[in-house]
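Protein chains in written order, with this note's numbering: chain A, 193 to 1058; chain B, 193 to 1058.
It should be emphasised that the hints constitute simulated quantities derived from the structure, not laboratory data. Be aware that one or more of the hints could be misleading.
Identical copies go unnamed one by one, so any copy, or any two together, can satisfy a pair.
[To be verified] In silico DSS-like pairs for lysine-lysine, Cα to Cα no more than 25 Å straight-line: (1) K389 - K960; (2) K919 - K558; (3) K558 - K593; (4) K919 - K571; (5) K777 - K995; (6) K947 - K1037; (7) K995 - K1043; (8) K626 - K547.
There are 2 protein chains.
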Amino acid sequence: MAPLLCATSFPRHSRLHHLRFPLLLLLPSRSLRSAAPLATPGLDLTNPTYVVWGCNTGVGKTLVSAGLAASILSPCSTDPSAFLYLKPVQTGFPRDSDSRFVCRKVSALFRRHEGGSISGLLASHHVLNASRAAARELLGGRFEQPDEEEGGAASRGLCMYEETRIGVGEAKEGESKLVCKTLFGWKEEISPHLAVKREGMPVEDSSLRELLRRCLGLSLGGGGDDGGKKRIWRVIETAGGAASPGPSGTLQCDLYRPFRLPSILVGDGRLGGISATIAAYECLTSRGYDVAAIILEDHGLSNEVSLQSYLRSRLPVLVLPPIPGDPLNNLLDWFYESRQTFNSLQEIMLSAHIKRIQRLHDMPRKAGRLFWWPFTQHKLVPEKMVTVIDSRCGENFAIHKVLDDQEMIIPQFDACASWWTQGPDSTFQIELVKDIGYSAARYGHVMFPENVYEPALQCAELLLDGVGKGWASRTFFSDNGSTAVEIALKMAFRKYMSDHGIHADFHKLGPKGSCTELRVLALSGSYHGDTLGAMEAQAPSSYTSFIQQPWYSGRGLFLDPPECFISNEIWNLSLPDCLQSNHLKPEDTRFSSCAELFCPSRDTSAVAENYANYISKQLSDFAASSHSILVGALIIEPVIQGAGGMHLVDPLFQRILVRECQSRKIPVIFDEVFSGFWRLGRESAAELLGCQPDVACYGKLMTGGVVPLAVTLATESVFEAFQGDSKLLALLHGHSYSAHPVGCASAAKAIQWFKDPNTNANFDIERKMLKELWDVKFVHGLSSLPAVQRVVVLGTLLAVELKANGCDTGYASLYTSSLVQQLRDDGLYIRPLGNVIYLMIKETKFLLMPKFGERLCSGAVNAVEV
Amino acid sequence: MAPLLCATSFPRHSRLHHLRFPLLLLLPSRSLRSAAPLATPGLDLTNPTYVVWGCNTGVGKTLVSAGLAASILSPCSTDPSAFLYLKPVQTGFPRDSDSRFVCRKVSALFRRHEGGSISGLLASHHVLNASRAAARELLGGRFEQPDEEEGGAASRGLCMYEETRIGVGEAKEGESKLVCKTLFGWKEEISPHLAVKREGMPVEDSSLRELLRRCLGLSLGGGGDDGGKKRIWRVIETAGGAASPGPSGTLQCDLYRPFRLPSILVGDGRLGGISATIAAYECLTSRGYDVAAIILEDHGLSNEVSLQSYLRSRLPVLVLPPIPGDPLNNLLDWFYESRQTFNSLQEIMLSAHIKRIQRLHDMPRKAGRLFWWPFTQHKLVPEKMVTVIDSRCGENFAIHKVLDDQEMIIPQFDACASWWTQGPDSTFQIELVKDIGYSAARYGHVMFPENVYEPALQCAELLLDGVGKGWASRTFFSDNGSTAVEIALKMAFRKYMSDHGIHADFHKLGPKGSCTELRVLALSGSYHGDTLGAMEAQAPSSYTSFIQQPWYSGRGLFLDPPECFISNEIWNLSLPDCLQSNHLKPEDTRFSSCAELFCPSRDTSAVAENYANYISKQLSDFAASSHSILVGALIIEPVIQGAGGMHLVDPLFQRILVRECQSRKIPVIFDEVFSGFWRLGRESAAELLGCQPDVACYGKLMTGGVVPLAVTLATESVFEAFQGDSKLLALLHGHSYSAHPVGCASAAKAIQWFKDPNTNANFDIERKMLKELWDVKFVHGLSSLPAVQRVVVLGTLLAVELKANGCDTGYASLYTSSLVQQLRDDGLYIRPLGNVIYLMIKETKFLLMPKFGERLCSGAVNAVEV
């Protein structure tokens, strides 16, 4: 027979002894930290895989694991099975060893029925790592001082192995298998994080998860000689309660969250146990876990009745008979008595597993049939292209895929930041959940006008002390960038009317209150949202055709802006025809760094004069063309035009535009929906530009990326233009969920989180900006690729426009389709803007960068093939 | 000295004996159920009031209460204090009595220091109700069989009282007071809900809360002779863990939620205690409680370090020395050793209390300075009119007010359903929180287009099987009613173009893609939202003046609709001039019931013919007037025009309108943002009308009233009009948080909750409609009042238009201001629509109805005085 663990990356046992008595093997184990990254870091979910949580320590998690294993590995079953039991963290070791307990108890139960058994059982118990103190205790005289260099002073990897075979002869096919593993053991019976402190052997969360992932990947039935067709059950048993710390101090419910495995909760049947069970259950569900069942020991208090009522029959609650208190009792009778319950548990788990897999399979088809996706030509999205998102953890989606017949859950980096809304890491995500839960529970939603409640007030205070600092004094909440822009336009126009003495009879209903017509000054290529008012403020584009928006007329004076980007390692300024001039020197249009581009010293350059003259002339020409049509507001996306294709407008041009407008008392609106809250490295793009608007719009990242909320900030003088004796002078605009507490609480949390160096490691508190996230050499390399037209890099954003011609450029272009598909397969969820692809990251140690570069080298030029 | 409890509603003790030894008094106690409703049902928060929660049973809650009381009632303090300790629920009684323990232990601690004491102490212990078994145990031979009639067979109210005086002589002024009360005691040491089952004395949640509220209102220092100036501390100690059931089975964390008192959590210092403490903490915060501090016993495991790290210093964690295990130890030394910790706890609690009150006081001023409220003329909202909403519980706000120098938290019924978004009761609110927390933790937000994830899919399935059943096959998500309407218009116009062979070059950018102009057919008085596109679809109104929306032009053919309402006890049909006809009989315009109004048999009446002719003529006249301007969509608010003033449009008229449009292949849009999800008694207003739209918009109530989410549903043939080979043919509209998981999960929950008779007691599953909520006589009475112009009542809605003239009518009218203020003082948070006031309720047992009627009788006619 082939070695048991042949399919793993662990050292092979050259030959295992198949004895009916335990055997101890001592093998060197590989250092954890040297584990090479795997090609497919996904998790195989083909077979049922569960985590067993306890609502406290000592509630019987291990008995449940053992009972379940015994039920699955029933000697009476005609269908041989395999059961993998993993105990990632064990303290009190080796005196306590849950994996040893499970291995021996299940073996004993199997042996008990050997007479009537149909299949055999091979049971093994394996310890991968133990602290030196635990190893010494375990091995006694056989313990050798480890190599100080390899294992570190206070930690030790070891490989302790024991194996038992019970059954119907060695050659018997269809033998069942039980594999039990302890991943890390410490001697003292205390919380693992304390044990690490006292005994050494620290384990990083990522290392623990990686080892666990590899262990879960063990192909128990593999190796060829038994076909690998049998069902493999996998159970991970946690240590202590659901929120007990792991070795690093991270709570276990957070530590294992990236896997988000379905769960079994072992409840408490004692006095106080209803509360403990419910609290632990909520602790798990509020971290996104699915709990398939609760199981608890009967203490005669019928706690299960209260639990069922609390759960509203959402999941079953199973009751185990009282566990004998006598420590000498071998529990075999108890297990026998509990067998029906464990059988039920097994059925529940299997059925939940099958249902989950089935649903994951059905989702793409159903989605294609029931959804109407925004900005999507459904005809171009066949079922196989639909991404099934099982969950999100920080910046990663966990997507479902079937690869080589295996049900996989694979991490995919959300490179488009889900339409630029995302910034949080996994810690922040769970922190946000707490604040959201608290606000929803405290307020639900409450009426905003004329009222005040804490989250709205706190959010307003933080906004005015943050992005609005120095200029804004009023907060007007709405639901999304588009509504925030419509509100901004109403504010700016009213301010303009007030400043320019345009009086309209507000009692007169309808459009004929004035013979004046107001327009915006705006830049070509800008985009401010999808509702009509926001669209009217943008220049004609693919989004504004008659077929898309029959009511669009384009109520603006639209200027072509000068643009900056990196090409062949240099920042270039590209001027539209209207701004070309013979007076410009090469140093006016080429910059060695982004900082140079933003440098205020450019304000006195020839380019600046050129800009100012151009803008002045445009405004006076427009004014001359009609007396009744007036430019009532300037609206721009400061620094970067997002949806238009990630174009960096020359900051000098925008600065002068603002100056020229404000000198003419034309109110200035900054649409910072995309750029706000550190997206471009500063809290606001206004800060980058070095000028202040009269009105500005924010959204997207504001809530930390969890619920919609937008805000329009305004100066006090804009606000005052709406003051009066009549309600009809007020700003009559509002949405049902104006300033909803959940959104405001999220925003308050996010605004603080992003600029606290304790919570955002990439925040440079001295310079009040994000640390540089992008490697200059890498970016320069990209900008020199033949397939690349231009690169823009700023703050969290990297955008690359691919060289394409004619119909392959612009929003509708499918030029990048195959490249995007490749990148998604690489683990980068990219969503292109036509022939522009972009990434938003939040950490300098972004590991997928080389992959991205590689694909652009090789893939981009082939993109056109699709 | 005056009796101790003189200021309460409990029976007065004619004379109390002030002894240094306990005294037992047996007094009859009033029946709980006969408690008359109080005039001011608020909670006085002038003095620090806290709830002590435990993360489990047996973690030392009572020791913390006693230690805190001893710290506050220090014999060394020059400042005499008062401390009220309440134990609402005690099991294991009288063997265990936490209130007795606190009384005696604090007395003993006080006595110990008597030599050095400055003030005296009067300590009392009082038991209000005990089960018969507990009373028998307590009183032994003195127990008399209660009057079966009064106390009920298995319950017993009693009044056990003991009192101790320690100190510096009876006349001493500035004596401190300790009052300890057990509200309900049961004999067996089991969970209260089980004790009730075994011993009787059931207590409804509302009764328990009412008694508790009255006890909290005790003016310990009152009664005149000691001035009542001293600070009174109040502490409520819960039973068992935070989520342990109370007597009715309701979890205590839910039971006490309407008070939302600030909290102290007693944690667990043992192995597993980190998890237990965190889980209990999250259990409290996810119900909206503020936890001021965590305190736990030291077990040598430094659990406080992990807790601090988890809490990110949001609140302090205090550590108490190990509690002696010896049951004979009187703990006095332990309390002495712990005194610094309790002093710190006291300071933390006092400081949190002061900060809270201060913040509540500051909020109106800050709100007036920082907010820009929607639909609000700030000049008309002085600081004193700002409502401070401390929290919401089900349908009630808890608002902060200062009344007679007392800091009050007062319930106020949210009669405007917070802009029609609210429907949930308090149970549903907490259920929603769980689903929201789960979704936020599982997904945060993730990209929607081309993707699928569970909450969005589940929500789509439920929508298409609910409001969309029978006609819709596609779900397009957005953020609010206004965006949903803009999307609906784009859908309908495209469908119209497709059906009528209007081809536009979608590659051609900008507005000149077609020489055709599209308009909507709509009704005067309708309102579809505040973004420009939605506004263009409404007739000219106060909201559309040039000063409000300079870009409004009113792109519609607007018809004046016939309207129905109750006046003088009869449903009347009021026809606009254009629909007047000589052929109508009185029975055509007067109806004995609302059902008659909706009856399909009216389709063959003379009125119907009149309507059809009128609509036909309007459409053909319009078509004749221009060949390039076409009616491309019908948009209506089915049944009731909400923001326009709660007008019930004759359902027959709308039915014919739909028929006429559909026969001309003009797509029909129903704006069900207000009417959807049972607001009008049916799941959709379409169901009431008995016809099906091509496109419909939903929002508001859809998420159960917690976060913004909207959806536009469409038929498959509308969807197909967007299919093609180019992305530029797709519906290019979308918002950042499209189909955000939190919103979709809330909606999925709400849609199911509303139509499940197990969760919605007002749902009539047979007839698939809400039970009749309004008392016919009452409504008829209202409709006959001289001050009332018309009444509309349907489903959850009651709207009353007050008679007013000229400038006192319409949206800007302040006619109802004083009436609204009176109703708010009565506990009804009304927000008027000009001279129309309305209520939305969800239960037939709405207690404030008589008050409403009374005010309308007396108040409305005076409204004009303001």
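Verification of the hints:
Taking CA atoms no more than 25 Å apart as the test, K389 paired with K960 passes in neither setting, with 36 Å inside one copy and 62 Å between copies. Taking identical chains as interchangeable, the C-alpha atoms of K919 and K558 lie at most 25 Å apart only when they sit on different chains, with a minimum of 22 Å there against 48 Å within one chain. In this assembly of identical chains, the alpha carbons of K558 and K593 lie at most 25 Å apart only when taken from the same copy (16 Å versus 52 Å across copies). For a Cα distance limit of 25 Å, the shortest separation of K919 from K571 across copies, 9 Å, qualifies, whereas the shortest one inside one copy, 49 Å, does not.
Taking the closest pair of Cα atoms, K777 and K995 never come within 25 Å of each other, the shortest separation being 27 Å inside a single copy and 75 Å across copies. Within a single copy, K947 and K1037 get their C-alpha atoms as close as 19 Å, which meets the 25 Å cut-off; across copies the closest is 50 Å, which misses it. For the homomeric pair K995 and K1043, the shortest alpha-carbon distance inside one copy (20 Å) is at most 25 Å, but the shortest distance between copies (73 Å) is not. Within a single copy, K626 and K547 get their C-alpha atoms only as close as 29 Å, which misses the 25 Å cut-off; across copies the closest is 22 Å, which meets it.
Checked against the numbered hints given earlier, the structure breaks hints 1, 5 and satisfies all the rest.
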